[in-house]
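**Student:** Please arrange chain E on chain S, whose structure you already have, making use of the hints.
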Amino acid sequence: MTDQPPSDRYPGTPGWVKAFAVIAVVLALLIGLALVTGLGGPHGPQRHGGPLESAAIRLASGL
Amino acid sequence: MRLAPGQRRAVLATHLALSVGWVGAILAYLPFDLVTATSDEPATLRAAYAAMSLIAGAVIRPLAIGALLTGILVSLGTTWGLVRHWWVAISLVMTALATIVLLIEIQTIEAYAAVAADPAATADRLQGLDSTLLHSVGGLLVLLVILVMNVHKPRGLTPYGWRMQRRAAETLRQR
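Residue numbers (numbering that gives the first Met the number 0), protein chains in the order written: chain S, 0 to 62; chain E, 0 to 174.
Pulled out of the complex, with its shape left as it was, chain S reads as follows (with noise of 0.2 Å):
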């Protein structure tokens, strides 16, 4: 096995960016269980919606 010099291999991925992909990671699994556990509140314009329009709501799909 020959190793190829320095010059001709990528020199590999810096640590600041690897560092930058964890952090990205972190948060992004944050805000994705904030979403799914309801945490983070409603999204979306719908969330305006108040009492009156819930019941409008509830009252039109018959629960």
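Please note that a few of the clues may not be correct.
Claimed, not checked - Which chain E residues face chain S? A few, computed with CB under 8 Å, are given here: (1) Ala16; (2) Trp85; (3) Pro153; (4) Gly155; (5) Tyr159; (6) Met163; (7) Arg166.
Unchecked claim - FRET-style restraints, in silico, Cβ to Cβ: (8) S:Arg8 x E:Gln173: 15 to 25 Å; (9) E:Ala36 x S:Leu26: 17 to 27 Å; (10) E:Ala116 x S:Ala18: 40 to 50 Å.
Note that these hints are calculated values from the structure, not bench results.
Just so you know, even glycine gets a beta-carbon here, dropped at the ideal spot from N, CA and C.
**Tutor:** Frame of chain S; chain E shown alone:
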């Protein structure tokens, strides 16, 4: 595609103005957002949501889209490229994500402003509206990280950028 030096300076100046303007517009938006998070006064809430909707829709949205588009133009029109350097690629992804989240959030802000503008909306209804503080502070932090990264330009080529650099060096050697 390479921009001529004069074009490059003009696009870069536009990109800087739009990007820094985006940060400034969020700073102008934040006090109103803070008011909606802390105040129970209906008249104050009505005014704050109206101001937030105006700033977000008429100022922040065009600045964000403009910053993203001019950023892509500057990258493609210079030797930096879009995905040759990690700092450029990461800045692009973060700016694109911030713009997408912003465009979604603006729909919510405009919906809140519509409720706040309704004279029939009761105090309870107005106090029940959320603030967007988490999104605006988060967005500001993302923009500041991009800003610092664009000033420092940390070293590091992507595998694609490294191949392109090597190919260019070989071409020069053969001449």
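**Student:** A separate judgement is required for each hint: does it hold in the structure or not?
**Tutor:** Comparing the hints with the structure gives:
1. Taking 8 Å as the C-beta cut-off, the interface hint given for E:Ala16 is violated, the closest approach to chain S being about 27 Å.
2. For E:Trp85, the shortest C-beta to C-beta distance to chain S is roughly 5 Å, which falls under 8 Å, so the interface hint holds.
3. Taking 8 Å as the C-beta cut-off, the interface hint given for E:Pro153 holds, the closest approach to chain S being about 5 Å.
4. Annotation: E:Gly155 was flagged as interfacial toward chain S, and the flag holds, the nearest CB pair being 4 Å apart, inside 8 Å.
5. Residue-level restraint check for E:Tyr159 is violated (minimum Cβ-Cβ distance to chain S is 10 Å; threshold 8 Å).
6. The beta carbon of E:Met163 is not positioned within 8 Å of any beta carbon in chain S (closest approach about 12 Å), and the interface hint is therefore violated.
7. Below 8 Å, beta-carbon pairs count as interface contacts, and E:Arg166 has none with chain S, the closest being about 13 Å; its hint is therefore violated.
8. Taken as a hint, the range 15 to 25 Å holds for the pair S:Arg8 and E:Gln173, whose Cβ atoms sit roughly 21 Å apart.
9. Checked against the hint of 17 to 27 Å, the pair E:Ala36 and S:Leu26 passes, with Cβ atoms roughly 22 Å apart.
10. With their beta carbons about 45 Å apart, E:Ala116 and S:Ala18 fall inside the hinted range of 40 to 50 Å.
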